Amino acid sequence: MQTDPNGTNPKKSKDSPSNSANTESTQLPSPFPDEVLEKVLSFLNSDKDRSSVSLVCKDWYNAERWTRTKLFIGNCYSVSPEIVARRFSKIKSVTLKGKPRFSDFNLVPQNWGADVHYWLTMFANVYPFLEELRLKRMTVSDESLELLATAFPGFRALSLMSCDGFSTDGLKAIATHCRNLTELDIQDTDIDDFSGGWLSCFPENFGSLEVLNFASLDSEVNFDALERLVSRCRSLRVLKVNKSITLVQLQRLLLRAPQLMELGTGSFQEELLLGQFGDLGNAFGNCKNLQTLSGLWEVTSIYLPVLYAACASLTFLNLSYAALRSVEFGNLLAHCPNLRRIWVLDTVEDKGLEAVGSSCPLLEELRVFPADPYDQNLHRGVTESGFVAVSRGCSKLHYVLYFCWQMTNAAVATIVQNCPNFTHFRLCIMNPGRPDYLTNEPMDEAFGAVVKTCTKLQRLSVSGLLTDLTFEYIGKYAKNLETLSVAFAGSSDRAMQFVLEGCPKLRKLEIRDCPFGNAALLSGLEKYETMRSRAKKGCPTFCSHSLIACKKDFSDFAEDRPPRCFGRVGLSN
Amino acid sequence: MEKGVAYDNDMNLKATELRLGLPGTDESQKECSSFVKSNKRSSEEMDSSCNEEECAPAPKALVVGWPPVRSYRKNVLQQQQKKSDSDVSGMYVKVSMDGAPYLRKIDIKVYKNYPDLLIALENMFKCSMGVYSEREGYNGSEYAPTYEDKDGDWMLVGDVPWDMFVTSCKRLRIMKGSEAKGLGCQ
Chain L
1 MQTDPNGTNP KKSKDSPSNS ANTESTQLPS PFPDEVLEKV LSFLNSDKDR
51 SSVSLVCKDW YNAERWTRTK LFIGNCYSVS PEIVARRFSK IKSVTLKGKP
101 RFSDFNLVPQ NWGADVHYWL TMFANVYPFL EELRLKRMTV SDESLELLAT
151 AFPGFRALSL MSCDGFSTDG LKAIATHCRN LTELDIQDTD IDDFSGGWLS
201 CFPENFGSLE VLNFASLDSE VNFDALERLV SRCRSLRVLK VNKSITLVQL
251 QRLLLRAPQL MELGTGSFQE ELLLGQFGDL GNAFGNCKNL QTLSGLWEVT
301 SIYLPVLYAA CASLTFLNLS YAALRSVEFG NLLAHCPNLR RIWVLDTVED
351 KGLEAVGSSC PLLEELRVFP ADPYDQNLHR GVTESGFVAV SRGCSKLHYV
401 LYFCWQMTNA AVATIVQNCP NFTHFRLCIM NPGRPDYLTN EPMDEAFGAV
451 VKTCTKLQRL SVSGLLTDLT FEYIGKYAKN LETLSVAFAG SSDRAMQFVL
501 EGCPKLRKLE IRDCPFGNAA LLSGLEKYET MRSRAKKGCP TFCSHSLIAC
551 KKDFSDFAED RPPRCFGRVG LSN
Chain C
1 MEKGVAYDND MNLKATELRL GLPGTDESQK ECSSFVKSNK RSSEEMDSSC
51 NEEECAPAPK ALVVGWPPVR SYRKNVLQQQ QKKSDSDVSG MYVKVSMDGA
101 PYLRKIDIKV YKNYPDLLIA LENMFKCSMG VYSEREGYNG SEYAPTYEDK
151 DGDWMLVGDV PWDMFVTSCK RLRIMKGSEA KGLGCQ
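Going down the list, the sequences are from chains L and C. Its first residue numbered 1, the first sequence is counted upward by one per residue in the UniProt record's numbering. Its first residue numbered 1, the second sequence is counted upward by one per residue in the UniProt record's numbering.
Among the clues, some could well be false.
Residues of chain L clear of chain C, computed beta-carbon distances all greater than 10 Å [as the list claims (entries may be wrong)]:
no., residue
1, Ile83
2, Asp115
3, His177
4, Arg341
Selected chain L positions facing chain C (Cβ under 7 Å, derived; list incomplete) [claimed, not checked]:
no., residue
5, Phe105
6, Asn106
7, Asp188
8, Ala371
9, Cys428
10, Met430
The set of hints was computed from the structure by calculation and includes no laboratory data. Values in this document were obtained by computation on a predicted structure and should not be read as measured data. Ideal Cβ positions, reconstructed from N, Cα and C, are used throughout, including at glycine.
Given these sequences and hints, build the entire structure.
Following this line, the structure appears as structure tokens:
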């Protein structure tokens with residue numbers, strides 16, 4: 001976006017360096033001084049908007065970079081810390097993502113990289129007033145956490161999602177030193193959990209937490225310390241505890257924090273006395289603001305009714321670790337009329353999904369995970385009928401992640417007819433290369449229907465037996481597509497060419513085990529400037545040569561080298 | 001790339017195939033081996049959930065990183081499954097048959113109702129158990145299915161509602177019809 005909204009050229013401020021773009025134009029005085037421009041731009045929060053603004057002219061580029069406080073780097077190798085430090089001076093919040101999404105599925109070698117420490121040492125020098133750090137798929141050492149805890153006096157919010165490399169010792173440092181901590185959010189993280197003692201390191205007068213999520217840690221924490229902490233933190237709105245917290249303990253926590261908006265329970269399996277059962281139900285009933293409920297590990301159906309009193313306000317129900325069956329799931333759903341998002345295991349089967357269709361008319365997002373992804377002989381779980389049933393009852397559905405063992409082209413066509421507004425359609429038919437199980441044909445027409453009908457589609461994951469036709473459809477119709485994930489699909493290079501030539505907004509491409517060679521992937525070379533592309537080593541002819549060729553175009557690469565098996569090209573930010 | 005999956009052949013044989021599994025479940029296990037690799041993390045899972053006797057002729061090898069379920073989630077669910085397998089009675093139970101040299105093990109949660117279970121047992125042990133009746137039990141049949149419940153008592157299979165049976169059954173014993181006669185009288 002290179003438009004000048006005022007129709008005049010901005011003035012050359014005496015503070016800004018000479019503006020080569022303006023040397024030919026008349027230098028009219030700007031209608032407003034730099035300070036005003038900066039003030040106006042300081043209201044811009046969206047990264048996309050800020051990127052656009054920075055392209056207008058040199059003055060705007062500078063005003064933008066002097067006012068940016070939030071940094072988002074989607075690929076930590078796309079830009080070096082030095083360049084970031086030179087460009088921005090007032091950063092208070094950083095979001096950094098590291099390893100490719102493939103690392104979630106054990107497809108990335110152990111010491112691949114994405115270590116945050118180098119970034120942190122730079123931040124300690126340049127952004128000592130840093131307040132927030134959100135990391136995804138990065139390696140974080142205890143040393144890094146100690147640095148974070150001690151070098152940034154105003155530090156407030158730490159979020160670690162799918163990170164590795166640290167232990168509970170690092171968390172001790174955070175709890176001990178971060179006096180103003182409002183957020184400690186640890187998700188899906190497999191770390192060295194030595195003990196739950198870190199929680200007891202929060203000082204006795206510390207009470208500023210608003211978000212506390214330690215659900216993915218295993219060790220038992222000191223419950224008294226936790227209870228006192230929860231009592232002191234009057235602004236606590238998100239509390240997600242781990243499995244060591246029992247139902248009886250949960251009840252006491254709920255009494256201390258009825259204001260909670262998001263709750264992750266501990267283990268839901270315990271022998272409760274009748275009185276305790278009633279107390280727990282009452283405690284849930286006190287929570288009038290609960291919007292999100294998760295956890296529910298090892299839930300037994302007899303205890304689900306304690307939740308009912310808190311379900312009226314629920315908008316997000318995350319049962320993805322609770323192996324519920326269809327009947328108890330249906331009973332629970334009957335109490336949750338306002339649900340917008342449901343994450344569930346396929347143990348609820350098609351019947352459970354029928355209950356979703358009939359009880360949740362406001363549903364916007366559904367994720368069905370496989371309880372037993374390697375359950376290859378028994379093939380329980382959900383089928384195409386469950387998905388169709390949801391689509392019939394939930395016309396607002398726009399985000400789906402669906403793991404199943406069988407699907408048909410006809411079912412998918414029906415689904416998108418019922419729900420034409422999909423923005424995210426992620427279908428995973430779990431046996432690689434499975435055709436339509438009724439007609440034995442490839443699943444091309446299914447995804448063809450998706451891209452033809454769902455014009456707002458941003459993210460697509462395809463699966464099943466697919467020929468190049470699928471990709472021809474994608475290239476022809478998916479004009480808003482930004483992310484595409486492909487596995488075990490396609491017949492030739494043409495498939496990739498269709499996509500790379502046809503999808504103008506494509507930013508992220510994940511490919512594994514597909515027959516696409518260098519020619520295909522390089523055909524979209526000019527596309528790579530706007531695309532983060534990850535190719536898995538299973539592509540038989542995709543070799544490191546083309547990686548190097550791509551790499552030469554992007555001089556912003558950091559000092560580290562990505563391993564051979566991944567084609568990584570950078571984002572110029 | 002050749003997607004050499006012989007689905008047509010499978011479909012024709014499926015109807016005549018004798019398997020221990022839910023009627024109507026699909027079976028399409030013969031993947032093209034060019035993209036099948038072994039998954040070193042799966043061995044525990046395979047032990048607990050794949051009973052060699054019931055597997056389809058070609059046990060599937062697994063593909064690395066597929067299906068794309070986060071390893072954190074997979075670990076949690078695997079742990080839960082292991083716990084529930086060992087805690088809850090009525091999942092994998094031993095089945096003995098009078099006169100047979102060794103026992104078998106089946107997962108009774110796989111079956112939806114008594115007829116499913118009985119057919120499976122009949123196939124497994126090549127015996128006939130006939131039809132259950134409330135009055136006569138399995139009288140007249142060569143064999144009768146019995147089970148040990150949570151209290152340690154030996155009960156006739158079929159008396160209680162299916163769901164109750166699944167949660168209370170600890171082991172099965174296929175008794176000779178002549179011995180089972182006594183059980184049939186209520």
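Do the hints match the structure? See the list:
no., hint, verdict
1, Ile83, "holds, 32 Å"
2, Asp115, "holds, 19 Å"
3, His177, "holds, 28 Å"
4, Arg341, "holds, 17 Å"
5, Phe105, "holds, 4 Å"
6, Asn106, "holds, 5 Å"
7, Asp188, "holds, 4 Å"
8, Ala371, "holds, 6 Å"
9, Cys428, "holds, 6 Å"
10, Met430, "holds, 5 Å"
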